[in-house]
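Engineer: Okay, here's what each chain looks like letter by letter:
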Amino acid sequence: EAGVAQSPRYKIIEKRQSVAFWCNPISGHATLYWYQQILGQGPKLLIQFQNNGVVDDSQLPKDRFSAERLKGVDSTLKIQPAKLEDSAVYLCASSLRHLNSPLHFGNGTRLTVT
Amino acid sequence: DQQVKQNSPSLSVQEGRISILNCDYTNSMFDYFLWYKKYPAEGPTFLISISSIKDKNEDGRFTVFLNKSAKHLSLHIVPSQPGDSAVYFCAASASTNAGKSTFGDGTTLTVKP
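Keeping their order, the protein sequence lines are chains A and B. As numbered in our numbering, residues 3 to 116 make up the first sequence, in order. As numbered in our numbering, residues 23 to 135 make up the second sequence, in order.
Keep in mind that the hints are not guaranteed to be accurate.
Where chain A lies over chain B, by a calculated footprint (3+ residues, C-beta under 8 Å) [stated by the list, open to error]: (1) 60-74; (2) 128-135.
Below, computed lysine-lysine pairings styled on DSBU-like, alpha-carbon distance capped at 30 Å [as the list claims (entries may be wrong)]: (3) B:Lys27 to B:Lys134; (4) A:Lys64 to B:Lys122; (5) B:Lys122 to A:Lys13; (6) A:Lys85 to B:Lys122.
Calculated directly from the structure, the hints in this document are not laboratory data. The beta-carbon is built from N, C-alpha and C at its ideal position, and this holds for glycine as well.
Input sequences plus hints: build the corresponding full structure.
Structural biologist: Right, dumping it as structure tokens:
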């Protein structure tokens, strides 16, 4: 079974620039999540999709962050404009169902905003 | 407010001994708990889970204990091996909240040969 694929692995941008991350979940996984992990902290949920619908985006800074999951498969997360405090690892995860199902994480994208 | 807390940032144990990692939670709606293991430059990987209807779940060298009255869970690793050295995250979710997982800040385990 292929795992969750994320790209790019690393990205360095200047503040006020824009950036996009891509995620391809495990085949057949209906639920997809984007987490932000700041150094020294645990992953924090940004947005949760069930198929191509948003289940929870209460922690997503909607003035600068956006995410979509077209056709219920791949997903992209965008930041525009980036701030210094957005420097973090952005983790994509998927699960077979949204209740009582472990998350399968990708290796993340490490974003550095200078 | 941090709903899932791992109060020990680090733990060091000798190979062959028991490792005990602790986790506390505050939200009484949490009914499913998971432990993830993370190596550097990789994403977290699922290790073991427990439902709130149980107080213990065992999988090989790994056992998770849940004390609902104390809102506390622990992960026991016996015997500990050098390959267990990693960051361990405790996570909790509530079926009333679409299964959204809330993570602790992790405990770095070092197993010395």
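Engineer: Each of the hints needs a verdict: does it hold here or not?
Structural biologist: Quick rundown of the hints versus the structure:
no.: 1; hint: 60-74; result: holds (count 8)
no.: 2; hint: 128-135; result: violated (count 1)
no.: 3; hint: B:Lys27 to B:Lys134; result: holds, 25 Å
no.: 4; hint: A:Lys64 to B:Lys122; result: holds, 19 Å
no.: 5; hint: B:Lys122 to A:Lys13; result: holds, 27 Å
no.: 6; hint: A:Lys85 to B:Lys122; result: holds, 26 Å
When the structure is compared with the earlier hints, a violation turns up for hint 2 alone.
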